[in-house]
Structure formats: structure tokens, C-alpha cells
Amino acid sequence: MDILVSSLFAGLLIGMVLAMMALGLTIIFGVMDIVNFAHGEFLMVGMYAGLLTAQATGMEPLLTLPFAAVVGFLLGILCYFGFIKFLIRGPMVAQLLGTFGLMIFLRNIALLIFGSEDRALHHGILVDKSFEIGMGIIAPATKLAAAALSVIAFGAVWLLINRTKIGKALTATALNAQGARYMGIPTEKMNALAWGIGGGTVTIAGALLVNFWSVNPFIGILFTMIAFAIVALGGFGSVPGAFFAGLVVGIITEIPGIWDFLTYIFKFDWMADVPMTSLKYMWVYLAYFVIMVVRPRGLFGWKR
Amino acid sequence: METLKNALDFSDFPRVDMTIAGLIAVFLLSFPLFPHSAFAMATMIQFLMFSIYGMGWNTIGGYGGQVDLGKSQYVGIGAYTTAVMLVRWDIPFWVSMPIGVCFAVIWSFIIGYPLFRLKGHYFAIATIATCLVMKDIFEVWNFVGAARGIEISPIKYVPPDFLRLIFKEDIYYYYVILGFFFLGILYVNWFRRSRLGFQLRSIKDNEDVAKSLGINVHWAKIKTYAIATAFVSVVGSFHACYIKNIEPEDTMSLEISILIALMAMLGGAGSLWGPIIGAGVLIPCKSYLKEWLGAQAGFVGIDLIIYGGIIMLVSAFEPRGIWGIVEKVRRRKRR
Amino acid sequence: MALLEVHSLTKYFGGLKANEDISFSMEEGELVGLIGPNGAGKTTLFNCIVGLHPVTSGEVLFNGNDITELKDYEVARLGLARTFQVFVASGDMTVVERVMVGCFMLTRSRSQAKARAEQILKDFGLHDLCDYILSELPVASQKRVTIAAAVGTDPKMLLMDEVAAGLNPREIEEVMAIIRHIHHDIGVTVMLIEHVMELVMNISDRVIVLDSGRKIADGKPDTIARDTNVIKAYLGERYVQEHAAELT
Numbered sequence: 001m002d003i004l005v006s007s008l009f010a011g012l013l014i015g016m017v018l019a020m021m022a023l024g025l026t027i028i029f030g031v032m033d034i035v036n037f038a039h040g041e042f043l044m045v046g047m048y049a050g051l052l053t054a055q056a057t058g059m060e061p062l063l064t065l066p067f068a069a070v071v072g073f074l075l076g077i078l079c080y081f082g083f084i085k086f087l088i089r090g091p092m093v094a095q096l097l098g099t100f101g102l103m104i105f106l107r108n109i110a111l112l113i114f115g116s117e118d119r120a121l122h123h124g125i126l127v128d129k130s131f132e133i134g135m136g137i138i139a140p141a142t143k144l145a146a147a148a149l150s151v152i153a154f155g156a157v158w159l160l161i162n163r164t165k166i167g168k169a170l171t172a173t174a175l176n177a178q179g180a181r182y183m184g185i186p187t188e189k190m191n192a193l194a195w196g197i198g199g200g201t202v203t204i205a206g207a208l209l210v211n212f213w214s215v216n217p218f219i220g221i222l223f224t225m226i227a228f229a230i231v232a233l234g235g236f237g238s239v240p241g242a243f244f245a246g247l248v249v250g251i252i253t254e255i256p257g258i259w260d261f262l263t264y265i266f267k268f269d270w271m272a273d274v275p276m277t278s279l280k281y282m283w284v285y286l287a288y289f290v291i292m293v294v295r296p297r298g299l300f301g302w303k304r
Numbered sequence: 001m002e003t004l005k006n007a008l009d010f011s012d013f014p015r016v017d018m019t020i021a022g023l024i025a026v027f028l029l030s031f032p033l034f035p036h037s038a039f040a041m042a043t044m045i046q047f048l049m050f051s052i053y054g055m056g057w058n059t060i061g062g063y064g065g066q067v068d069l070g071k072s073q074y075v076g077i078g079a080y081t082t083a084v085m086l087v088r089w090d091i092p093f094w095v096s097m098p099i100g101v102c103f104a105v106i107w108s109f110i111i112g113y114p115l116f117r118l119k120g121h122y123f124a125i126a127t128i129a130t131c132l133v134m135k136d137i138f139e140v141w142n143f144v145g146a147a148r149g150i151e152i153s154p155i156k157y158v159p160p161d162f163l164r165l166i167f168k169e170d171i172y173y174y175y176v177i178l179g180f181f182f183l184g185i186l187y188v189n190w191f192r193r194s195r196l197g198f199q200l201r202s203i204k205d206n207e208d209v210a211k212s213l214g215i216n217v218h219w220a221k222i223k224t225y226a227i228a229t230a231f232v233s234v235v236g237s238f239h240a241c242y243i244k245n246i247e248p249e250d251t252m253s254l255e256i257s258i259l260i261a262l263m264a265m266l267g268g269a270g271s272l273w274g275p276i277i278g279a280g281v282l283i284p285c286k287s288y289l290k291e292w293l294g295a296q297a298g299f300v301g302i303d304l305i306i307y308g309g310i311i312m313l314v315s316a317f318e319p320r321g322i323w324g325i326v327e328k329v330r331r332r333k334r335r
Numbered sequence: 001m002a003l004l005e006v007h008s009l010t011k012y013f014g015g016l017k018a019n020e021d022i023s024f025s026m027e028e029g030e031l032v033g034l035i036g037p038n039g040a041g042k043t044t045l046f047n048c049i050v051g052l053h054p055v056t057s058g059e060v061l062f063n064g065n066d067i068t069e070l071k072d073y074e075v076a077r078l079g080l081a082r083t084f085q086v087f088v089a090s091g092d093m094t095v096v097e098r099v100m101v102g103c104f105m106l107t108r109s110r111s112q113a114k115a116r117a118e119q120i121l122k123d124f125g126l127h128d129l130c131d132y133i134l135s136e137l138p139v140a141s142q143k144r145v146t147i148a149a150a151v152g153t154d155p156k157m158l159l160m161d162e163v164a165a166g167l168n169p170r171e172i173e174e175v176m177a178i179i180r181h182i183h184h185d186i187g188v189t190v191m192l193i194e195h196v197m198e199l200v201m202n203i204s205d206r207v208i209v210l211d212s213g214r215k216i217a218d219g220k221p222d223t224i225a226r227d228t229n230v231i232k233a234y235l236g237e238r239y240v241q242e243h244a245a246e247l248t
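The listed protein sequences derive, respectively, from chains C, Y and F. Terminal number for the first sequence in the working numbering: 304, no gaps in between. Terminal number for the second sequence in the working numbering: 335, no gaps in between. Terminal number for the third sequence in the working numbering: 248, no gaps in between.
These are calculated hints, taken from the structure and not from any lab test. Take these hints with a grain of salt, some might be off.
Unchecked claim - Listed below are the simulated SDA-like cross-link pairs for lysine to any residue, each with C-alpha atoms no more than 20 Å apart in a straight line:
#: 1; chain 1: C; residue 1: Lys85; chain 2: Y; residue 2: Glu318
#: 2; chain 1: F; residue 1: Lys71; chain 2: Y; residue 2: Glu318
#: 3; chain 1: Y; residue 1: Lys119; chain 2: F; residue 2: Phe87
In isolation and in its complexed conformation, chain C is listed as follows (with noise of 0.2 Å):
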């Protein structure tokens, strides 16, 4: 029983960072209409930034965020006026190419930049301490910190959106980028804008992550499907839907754990040899893949 729950509250931990990750990517898909595939190396980015501050300058690494949030606001940005804003204007086979290139670009050079063995934290106050939380759940200090943080950077977010002129405007456009023109809020500003929310937002989760996970050049890909799973289940486009959707898709890949239980639960010969660990992230993939047909509008998506 201790490992069906321990492994639930996990999931739900990670899956509070994940919806963090995948925040950015519903945005700019809800402004934008464009789907990012360079997404996780964003997240990379963030991971690196938070990593090599904390590194050089000896702080705890739970203050870089901010300074993450910024490289990721900048690098959005600079993405979007660089190259997306030219790549909208093509066929969508070239915009679903043209991510993808990024997603080569970044990748690579941060392989020259940083090699490419695995870097982690290893100091800061709250490494290798946990606390025990009832039930026989022990969860790492820096798990729950990250998830803690994860909750209230989602917040900011959302109040962001929904009670500032600025979020209207950005939702305005989402809904109908034409219409809000009419309004005189600035289409090119506001997709600006979503591309720098979301790639700050997308580091700042790099930045908590980076605390219990390493950080090599190639994590991306995982997290870019990892991210797709959340924001199709969670609705493209929609903020809350993208939190609850990141819960759910934690558990997921904590399904390792929930099966060890079942396999103790049954006692099947053969439930031992299936290899769930290295499978956990196909059930992602597969949500997605189910999701989009059952329910594409996901759980709280305007979009279709």
C-alpha cells in the first residue's frame, strides 16, 4: 500500500513541475496556433541556466529562478523575432519542420557548449533532506520545494492572464488575433509576448527541475512529448487545464510504481518481467495518442 501512495504523491509532485513546463507551450499554441517542438530545449536551457548560476556564484539554487526566468524570456523572444515570425507565414509542413530544425539548432549547440555528460546539483539546503509526510510517504526536501514553487509560479501566471490588461490583451488574441487588431492590441507584440512568457515560464520549471534532475543536451525530446501529452490533455490553450493535466500526466510516469503495487496485489509470474520502468514514458505517448481521438478538445480546450 506505502508504494501506491508514495508513488501517487510522487507523481503528483513532478506533475505539478510538468504542468509548469507545459504552460508556456499552451500558451504561445493558444495565441500563436503554432506548436513548438523546441520546446524541451527550452526546458534545457532553463535547466543549464539554473545549474551554471547556482554553480558560479554558490547560491542556493532555489533563488536562480528568477534570474532562469529571464534567460527564457530573452531567448523566447529573440526566437520569435529571429525566425518565428517569419515561419508563420509558410505552410504548416514547414512550421512543424522549422521547430524542429530549432530544436536540432539549440540542442547542438549546447552540445558544444556544455559536452555532453550529465550535470546535477549537488548543493544547496535542501539536498539529500526529506520529510515524511504521513502514510509512510517520504518526499525529498527539493521535490516538494519544486512542486511548492511550481503552484505558485502557475498562479502568477494566471493571474497574469486573467486579471491584468496586458493577459486580456494576450487572451484577446488568442481568440481571435483579427478582431483584437480592431481593438488596437498589436498582434506582433502579443505573439511576442506569448513566446517570451513562454519560454520564462518553461526555464523557471527547468530551474526547479534541475534540482532532482541531470541535465544533459538530449533530455528534450522526452520533455517536448511529455509537454504535448499535457497541454492535448489538457486543452491546447487553456491555463488550468494545462495544471490538471500535468498531475495527471505525472502519475502517469509513475505507472513503475503503481505497477509494482498491482504486482503485489496479484501476484501474476508474469507482471515481474514486464520491463515498466523503460516503458513508463510510452504510456505517455500513448495517452496523447488516445486523448486526441477519443477527446481532442482535451478537458478544458476552446480549441479544435
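For chain C, the structure is supplied; the task is to place chains Y and F on it using the hints.
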């Protein structure tokens, strides 16, 4: 018989195009007879393989406009069927290859049915999802060697073995794949002039109008997807006999799927020559960049940086590809 | 037996009543106009008849078959074709290829499809445009080509949606000639949605009027033109009251 006539009918291409195509065909036929390095030969074989991948993709992705980014799973099905059948039961290529095509096509119908309920971005991402799922399954499936893959050791067979397609010298492989290449061109030529080809082009233009003209859009897409799959699976089987060492990471990866789509887009999706031009530019580019730049110490990945940059530039500024530029220039001249 | 029968067709989009309880029938060989103010539900009616939208209730019978539940491509294969009001031709299909798509519904053979397409284009007076790329032609020509493509499927009945929209008087003449050719010479039963009154009133045997989702009139053009309900729908209640004397 009209089918054959259609396949061989290139009359709607301008004389210039056909002359150039003829010259290139002569070059391809005679290439191995000139002095060449092993590296050049390997690059040529890669070029031919990817041309065929691209041509297959082009039917559904170019003419049909449905961007499929998950083709590498069928490379895997073709490759693994041939490899497993050879290693375990000594079944020759010419038997295992068609069987591989059958498996691939059956699978494509199974996932095609739900897949084509989606459109646009959603469809593209779903194709990626299926590709990744297949790859993950193959990486843990012991019957096909899991992550280690399958190795065909040439010492067990006596080359040149035409039945099992095991050769010591690349020249044999070259002519086999060249044969498939020419067949592929004929097939695509037939396709674009056939009823299905017209249906696809109409679908790409406007689905509702296509339906109003009696076209069962869903089914047309699925059929074309199966055709593309068959192309890819044939070359996958060839790949197994050529490389003789296949594993999920380099046969079924997402990179290969994207590369296939890229060939066609760069050269000009939706045209007969596009994928060939695309492969002709990208494959030598990739190979030689890797040779010159990638191997140098301290510059790991520069070849891919340039490669990614090229993709970005072409997508943003010339999305209709090289053939698109040619047609644009021609149209301007016609005015 | 009527070629097309529509019984109590109703279509809701969520809470919006687009078509309400519409019934009418058409005999083979008729040319019927469908008019009404914007938003009356004319295009929706076409879409429901043809199967692009599922109906909320009611039934549609074509040539004796119940086609209410059929999909749009199935309906086309039974001989009921339609053109679209708004479309943007994209891509690189030529005019003759476009029409061939329609002809391919009847045959697998490219040469037969091509021959038929060329014949239709010749009859429409568009033969010299055969090898031009559709998306590069002016809108008026594009519209005529799409009509030709629909005719390519050899339909018994053709529903045309605002083929004259945005055309200048000479282009309207050309479209009228094509419609007459389709109707008289080929023998296709035609229903037209139109706003261009001189076209629809001159050419139709009969006119049906929709307003706010309901059918409000059905009769010969000159009767319809004087029907107070129709005038009220277009020009408003006040106009009818002010001009009551002339209208009787």
C-alpha cells in the same frame, strides 16, 4: 495496361526536365564504373535510400498535405522482419521483404483509421507519438534483440548471395537499390496521374469540396498512407541487409522520421522530383559536413548545428523547397 | 415521385435554431431559387440536405432513397452535387485537373476522366483556360470551374450556393448562360441560393423563401415578389405598412 502506360507517361513534363532526368539516370547507372571512394559509394547508396523514403512520404505528405512525422516505425518493421527472418529461419530477402511490407501495411491500416480522424498539427504530433511508442516497445522486446538489436554476421553466408542480399562489395547493393529507385519513380508517376492521386490533391486543396465531389476522404488518406508505408518498409528491409546491424535507436528514431519528411519538403513536397532533389542535397551535405567538421576534436555537433540552421532557413524563407523555386521562376517567365 | 423531398427538417446548433420545420419538394427538371435575408439558414439547409451537417430532426428523400443519415460523399455518389459559397483555391491544380476530380467519381481511367473534363469545359466556354493554374485565375473564372467540376460527377441535381456573389453584370450573364446550359441542355435539376435578384427571379421556375430559419413562401417568382411576408422579411414591417396600398 493503362496503369503501365500511365506509369511510363512523363509527357506532361517539359523537355528540359526530361533531358536532365535522363542525364542524371545515365550518371546513376554508370557511377560505380568510375573511380570512387568507399565513402562516396556509401553516400550514394544513402542518397538512393532516402530518395525512396522521401518519395513514399511524398504521396501522403506532399500530394496529400498530411504531414506524417512517424514513418521510421515502418523502417523498423521492414528492417526487423527481414533481419529476424534471416537470422532465425534463414529466409531470403526476396521473401521476407514482401512479408515485411504486409506487416507494415497491416499496421498502417490499424493505426491509420484513428489517426486520420485528426488533422494538421494534432495529426503530426500523433504520428510522432505512435513512432515513439513503437520504438520503446522494440527497445524492450527480447524477440527482436531489445536495445542491442539484431546483427547479421556476414561470415555465416557466402557472398555474393543474391537471395539473402549479402554482398561483400557495395556495388551490388548499389544496383539493387538503384533498381528500387527507378521502380519507385515509376510508381509515383503512376500515382500522381491516378484517381487516388487526384483525390489526394483535391483533399489537400479543400476537404469539404473534395467530399462534395464524392471522395471518401478518410479512406483515401488511409490508402495513401499505406502506400507510403510500403515504400518505407521495402527500403527498411534493404537497410537490414546492407547495414547488417540494426537497433531501434538508429532505425526507428524520431530523427529518421523527421529526416524523411525533410527530404521531401526541402526538395519540394508535392512534386515528383522534389524528394530526389531534397535527398540529393541533404544527404551529401550531412555526410560531408560530418566528415569534415564533426570528427574534429572539440567541435562535436557543429555539423548538426549547420544542419539545423539549414532546416530553419528553408522552412522560414522558402517552404516550397527547391522545386518550388524552379516553378516560381518558370511561372514568372510565362507571364 | 418528386426527385427531392424535404420533410420537417430542423437543425439546431446548440441553442441556435438555424432551420426550423422546413418542408418542400422538387420535381425532376425544375430550377428553383432559394432566397432570404442573410442569416436565414439557406446554406445550412443545403449542408443538411447534402449531409455535411447531421440534421436535428426531419428527413430528406432523394430519388426515392432516404439520404438523411448519409455522409456528404455518399450523397454525391447518389447524384446530388453542390458548390460552395466561400472557398479559396490553393495549390497547383490546373483547371482541367480540377474538373477531372469530379469526373473521377465515374471512372478509374485517367484518359476517360480527362476527355470528359475537356468536353465539359468546352461546353462551358472555358476550354482555353484548361492548363491554367486555378488559384491564379480571377474569382469569377474559379467559380465557373468549380461548377464544371460538380457537373463532372454527372449529377441528377445540383445545389449552387451564391455563384453570382461579387460578379459584375457581364460575369453574371456568363454564369446565367452556364446555369441555363446545365438546366436545359444537360437536364440537371437545379436549386440556387442567390442574393442577386435579377438572376434568380429571371431564371427560376419557382422560388422558395426562408427567413430566420423558417420557410415563409413558395411559389412563382412574380407571386413571391409581391408576397407581403417576403417583403417584410427583406424590407421590414414598416415598409410594408407604408406601402400597403401598392402591394395589394
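Status of the hints after comparison with the structure:
no., hint, verdict
1, Lys85/C - Glu318/Y, "14 Å, holds"
2, Lys71/F - Glu318/Y, "38 Å, violated"
3, Lys119/Y - Phe87/F, "19 Å, holds"
Figure legend: structure checked against the earlier numbered hints; the only hint not met is number 2.
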